[in-house]
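Kindly generate the complete structure, drawing on both the sequences and the hints.
Spelled out from the first residue to the last, the chains are:
2 protein chains.
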Amino acid sequence: MQTPRTTPSRSAKRAHYDTERIYSILDEALFCTISYAIDGQPWSIPTAFARDGDQLLIHGSVGSHFIREIEKGIPVCISVTLLDGLVLAKSGFSHSVNYRSVIIFATARKVEDHDEKVTAFVLITNKLIPNRWDDLRKETASEVRKTTVLAFSLDEASAKIRTGGPNDEPEDRELPIWSGVIPLETVRHAAIPDESSVSLPLPDYLR
Amino acid sequence: MQTPRTTPSRSAKRAHYDTERIYSILDEALFCTISYAIDGQPWSIPTAFARDGDQLLIHGSVGSHFIREIEKGIPVCISVTLLDGLVLAKSGFSHSVNYRSVIIFATARKVEDHDEKVTAFVLITNKLIPNRWDDLRKETASEVRKTTVLAFSLDEASAKIRTGGPNDEPEDRELPIWSGVIPLETVRHAAIPDESSVSLPLPDYLR
Numbered sequence: 001m002q003t004p005r006t007t008p009s010r011s012a013k014r015a016h017y018d019t020e021r022i023y024s025i026l027d028e029a030l031f032c033t034i035s036y037a038i039d040g041q042p043w044s045i046p047t048a049f050a051r052d053g054d055q056l057l058i059h060g061s062v063g064s065h066f067i068r069e070i071e072k073g074i075p076v077c078i079s080v081t082l083l084d085g086l087v088l089a090k091s092g093f094s095h096s097v098n099y100r101s102v103i104i105f106a107t108a109r110k111v112e113d114h115d116e117k118v119t120a121f122v123l124i125t126n127k128l129i130p131n132r133w134d135d136l137r138k139e140t141a142s143e144v145r146k147t148t149v150l151a152f153s154l155d156e157a158s159a160k161i162r163t164g165g166p167n168d169e170p171e172d173r174e175l176p177i178w179s180g181v182i183p184l185e186t187v188r189h190a191a192i193p194d195e196s197s198v199s200l201p202l203p204d205y206l207r
Numbered sequence: 001m002q003t004p005r006t007t008p009s010r011s012a013k014r015a016h017y018d019t020e021r022i023y024s025i026l027d028e029a030l031f032c033t034i035s036y037a038i039d040g041q042p043w044s045i046p047t048a049f050a051r052d053g054d055q056l057l058i059h060g061s062v063g064s065h066f067i068r069e070i071e072k073g074i075p076v077c078i079s080v081t082l083l084d085g086l087v088l089a090k091s092g093f094s095h096s097v098n099y100r101s102v103i104i105f106a107t108a109r110k111v112e113d114h115d116e117k118v119t120a121f122v123l124i125t126n127k128l129i130p131n132r133w134d135d136l137r138k139e140t141a142s143e144v145r146k147t148t149v150l151a152f153s154l155d156e157a158s159a160k161i162r163t164g165g166p167n168d169e170p171e172d173r174e175l176p177i178w179s180g181v182i183p184l185e186t187v188r189h190a191a192i193p194d195e196s197s198v199s200l201p202l203p204d205y206l207r
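Residue numbers (our numbering), protein chains in the order written: chain A, 1 to 207; chain B, 1 to 207.
These are calculated hints, taken from the structure and not from any lab test.
Since the list gives no way to pick out one identical chain from another, each pair is judged satisfied if it fits inside one copy or across any two copies.
With a straight-line Cα cutoff of 20 Å, these simulated SDA-like cross-link-like pairs (lysine to any residue) come out:
(1) K146 / S61
(2) K127 / E185
(3) K146 / P166
(4) K146 / S96
(5) K72 / Q41
(6) K146 / D115
(7) K127 / S96
(8) K127 / A190
(9) K138 / S94
(10) K127 / S94
(11) K110 / S153
(12) K127 / T186
(13) K138 / W178
(14) K146 / S94
(15) K146 / D172
(16) K110 / V122
(17) K127 / L83
(18) K72 / I38
(19) K127 / W178
(20) K127 / S91
(21) K138 / S96
(22) K146 / E171
(23) K72 / D39
(24) K127 / R207
(25) K138 / D172
(26) K72 / G40
Now the structure itself:
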């Protein structure tokens, strides 16, 4: 992985370029936000994605405005953010958040091969719901045709991570103000069956 | 609120422009992703924010690269996404997610007034941790000087929302494949005191 261009960091010391960290953040996140610009006007849109080795994959309707813009190969910036905690200090100025984020600069490669497209659908579906794909009604040729898959290189990816407690100024540390961390977590609640599934057993991978 | 320019939606039928919906999403979200472009190259960065009436407020170090770029008043796109559930259908093609998202097109107004800046700090801090500000060591003139506050109009904001179960094709609905929704929630775990706070009582607003 190359050292990417300078990211718009407010704290360059939190930047990381190692592949393992970047991949683990991408593999945990449930969506990314893709930004692009047309005539200087930025646009952004959240979308599901998956990682396949050193590529990030997204899919969308062939008629989608944003897909049609970025499939041309214009520069995009992909942002992924996991919020891990609220960091409470003794001054407002030292409050912070614990997070793991990735930013990727890339251009889209449109995936044309049928099998490579289906592999992308499998990866995106199983990323959201592990082991789901094998249970599903098989994809049709028409569904594959109606869906665009775009691949982005992770060569220009970097991570920023903050962990730990507050960093109060030394003169503030003795103040009798509660400081610490409130951990945040995205939890999956019990699955709620659709009307058509109330009498079907819940698959093991959803327990 | 004006009807904004067309957003890069894959599903225009999910678009909403009413203020109440937009505000409630903004008030629940813990961060936004701000995108901007320089010479056609998009950049994006996640950051904390608060809403003050019909404005969105962010803050950052006066030395921050991204703050210095967007304070010039270049067009930005602000994206906020709350993921509410994974929607499991009987085909991969019909899988979806339940979400509430907002997109805002705006340019920054740099807040110069000292009191207006402090109000922004109060709002941003209390958004992340309700009732926190009044407990804190008072801000100093230097801290206020070192922090830039930017305000963005919400005139060009729109929301997109998906709720409910899967929309399978009629011919798939009888298939014996479990379908339904897995609700997602961001939860706050019990507060963990910093070393300096182990003997301090936990404030009521953190219980």
